[in-house]
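Student: Take a look at the letters that make up each chain.
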Amino acid sequence: MSEAVTTGSHSYGATYSEHPYKGIVGIYCLIVAESAIFIIFVVAYIYYMGKSLSGPTPKQVLDLPIAATVCLLSSSFTVHHGVAELRKGKAKSATLWVGITALLGFIFLCFTAYEWYDLIAHKGLTLQTNLFGTTFYSLVGLHATHVVVGLIMLGLVTVVGLRGKLETHHSERLEVLSLYWHFVDAVWVVVFTVVYLSVYMGH
Amino acid sequence: MATTTSLPDIDEETGGLPPSRGRILVEYLHGWITTVDHKRLGILYISSALIFMVIGGLEAAVMRWQLAAPNNDVVSPETYNRLFTMHGTTMVFFVGMPMLFGFGNYLIPLMIGARDMAFPRLNAFSFWISFFGGLLLYYSVVGGDGLYGAGTAPDIGWFAYAPLTARVFSPGHSTDFWTLGVFLSGIGSVGTAINMITTTISMRCRGMKLMRMPLLVWLYLVTSFLVLVAIGPLTAAQIMLCLDRYLGAHFFDTQAGGSAVIWMHFFWIFGHPEVYVLVLPAFAFANEIIPVFSRKVIFGYPAMVLATVAIAFIGLSVWAHHMFTVGLGPGPNTFFTLATMIISVPTGIKIFNWLATIWGGRVRFAVPMMFSVGFLFNWLIAGLTGIVLSVSPFDWQLHNSYFVVAHFHFVLVGGIFSMIFAAFYYWFPKMSGRMLSERLGKWHFWLFLIGFHMTFDLMHIPGVLGMPRHIYTYEADRGWGTWNLFISIGVIFQMIGIAIFIWNMIRSLKWGELAGPDPWDAWTLEWATTSPPAVYNFAEEPVVHSRRPLWDLKHPDDPDTDYEM
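Chains as they are written, first to last, in the working numbering: chain A, 63 to 265; chain B, 126 to 690.
In short, the hints are calculated from the structure, not lab data. From the three backbone atoms N, C-alpha and C, an ideal C-beta is built for every residue, glycine too. Hints should not be assumed to be uniformly reliable.
Covered by chain A, per the in silico footprint, the following chain B stretches (three or more residues, Cβ under 8 Å) [unchecked claim]: (1) 312-322; (2) 328-342; (3) 362-374; (4) 380-394.
To list a few chain B residues with every Cβ distance to chain A over 12 Å, as calculated [as the list claims (entries may be wrong)]: (5) G156; (6) V161; (7) S349; (8) A435; (9) L590; (10) T598; (11) M630.
Interface residues of chain A toward chain B, partial, derived using beta-carbon atoms under 7 Å [to be verified]: (12) V87; (13) G88; (14) C91; (15) L189.
Work out the full structure: start from the sequences and follow the hints.
Tutor: Rendered as structure tokens:
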């Protein structure tokens, strides 16, 4: 009996090719889980807005990170283009686009590093200073951590591409990475609005 | 390690003689530790949960010993605080979740006709990091105070309310062991949830449409979604607590304008969905076991799926019913009272569907079915006291009393653990190839049921009489003494029941009756393979045409495909 039910004329490969690629499903699940974490940090930031017992306040010390934002947001387009090129079989072009993405991400991190250096060394804002410092560094830091993770992976892809090992059938996996990168970008849009733009909206 | 355990080396060293027993043992353990097979990982999950269950159970037993009489001094107040903290944390994070993930890991690929989970290595990672989290929590007993003094376990309660967790009030490292242990277990849970969702979506065999999946797989899918959404807040809150304790941040520091209440919100945004994370798999077991032992199709399959999804969504918006006494104001109190009451509607639908499944069936009272029926009764009572507590003015009277303790132990022990035991008796033959003893199983069932009701029925009464939870002792003139004595006597029955259960598993592994592939005459795909299944589960891809592929096979003259929509 057990053989009868398990004997099918189909192989798993044919069935599974009709289902969504598991890497894509997995990364969407991860994005849901990560969003939950970010939402809590964003809620904490909003909840503690204006509740610091001492200065400095966001208005006194924060500048709009426009150049950094432009870098990070445009990197979403470059990584998307990289995936599209790899799908067409253009491995070299894909490597270039992924490399540019990594570079843009790196520039973004440099801006963040300079901003933090300026805040800590010159403007006297640390994690311990007040509630603003606590929530600011943890939210922006959590995002920056995700950028670092993304950079490591983008860097790996670039190295693999430079060694000529990137092939068309890797495009699905590269798409997984690009989805993660889009997520990091989307989170930045929220962080940018809540942390930086809100300063100019009367908070 | 790698060189000493590979086979060619053994031959060289022993000169062609068969390997020694020690080497065989090392090989065997090496196989288990490096495994990425979903069945072995499932068994590892379940085994580690059983070990922690015994530890957590003994902690509860010591607490009941302490509370059996007024002014007792079995343990000190400090030890008592540590006992209830460790008991709660252990039971939720290192017994409940791993136990249910273990069954899910084992059953989901088999039930959807797959050969493994979607990400086998992530699966192994998730198990080991959760398990390590448990070890880290218990390492606090040795290392809790760091270099000075003896170690201590955390004593902050399983929900670790601020500002007690601040460095000033909880010096030493015991709180950090709690934070990091729970944090690691959360990472493992998210990994497993990702794996289960992806497996369900991408690995179903031919013909296994979503609405043909066994209900167990459906419920695990919804549970996994809840894990994804609910563990995040806990992880975030643990990161914040770590930042507070180590780097001097002020998230929960009331001296710097921080809020203690926001910790409660963050914790219960995780904490209440967590109840459904634990209970939906228990429902899942009931959905598989009750039809097989009633010899009928599950009643209202689509309604069951819808009710499950409804429970998950409403379950995300009821968390503040843990916080009525905080003073949220009339608006939130009304909202959370109503949301909590509404969630009893889909739960009620489920109970009616199970009853309708049993109704008119040829019921076989084997041990899995006995536990399932016990579950139905216990769960109903648990739900009713839940509705009582959802009424915020009533909750103000009973909050933090033993009534609440009795209520959630009805949920967790009477509801969830009953179904976990049922699942053991039902699937142990599949996992081991041998049946558990029905005779010992009945002893286990009756002793545990009597002990459970003695303990937790009676526990409502001192709660109504005003006995608060988390107290290490009480005065004799309060009138709580007799109740507490009987509550504690019930624990003895439960302990004997659990001991019989564990003995039953040990003896059945060696001497149990051989099970064969399908001992219960069941209908889902896991019973189509050998017991235990081969590493690859199915030699060839199964093809299913209905919700009960094995029924179709056994009754070609009357297949389910004729009836299903």
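Student: Compare the structure with each hint and give your call.
Tutor: Checked hints:
1. For the stretch 312-322 of chain B, the proposed coverage by chain A is satisfied: 5 residues have a C-beta within less than 8 Å of a C-beta in that chain, meeting the threshold of three.
2. Remark: the stretch 328-342 of chain B is confirmed as covered by chain A, as 4 of its residues place a Cβ nearer than 8 Å to a Cβ of that chain, reaching the required three.
3. With 7 residues having a beta carbon nearer than 8 Å to a beta carbon of chain A, the stretch 362-374 of chain B meets the requirement of three or more and the stated coverage holds.
4. For a cut-off of 8 Å, the count of residues in the stretch 380-394 of chain B with a CB near a CB of chain A stands at 7, and the three-residue condition holds.
5. The Cβ of G156 (chain B) lies farther than 12 Å from every Cβ of chain A, with a closest approach of about 25 Å, so its non-interface assignment holds.
6. The beta carbon of V161 (chain B) sits about 15 Å from the closest Cβ of chain A, which is more than 12 Å, so the claim that it is off the interface holds.
7. Separation of S349 (chain B) from chain A is inadequate, the least Cβ-Cβ distance of about 8 Å not exceeding the 12 Å criterion.
8. Here A435 (chain B) stays apart from chain A, with its beta-carbon at least about 19 Å from theirs, past the 12 Å limit.
9. Taking the minimum C-beta to C-beta distance to chain A, about 39 Å, the non-interface status of L590 (chain B) holds against the 12 Å cut.
10. Non-interface status of T598 (chain B) relative to chain A is upheld: no Cβ of that chain comes within 12 Å, the nearest being about 38 Å off.
11. The non-interface label for M630 (chain B) is consistent with chain A: the shortest C-beta to C-beta separation is roughly 25 Å, beyond 12 Å.
12. Among the interface hints, the one on V87 (chain A) holds; its C-beta lies about 4 Å from the nearest C-beta in chain B, closer than the 7 Å criterion.
13. For G88 (chain A), the shortest C-beta to C-beta distance to chain B is roughly 5 Å, which falls under 7 Å, so the interface hint holds.
14. Among the interface hints, the one on C91 (chain A) holds; its C-beta lies about 4 Å from the nearest C-beta in chain B, closer than the 7 Å criterion.
15. Checking L189 (chain A) against chain B: minimum C-beta separation of about 5 Å stays under 7 Å; hint holds.
Going down the numbered hints, you'll see the structure goes against just number 7.
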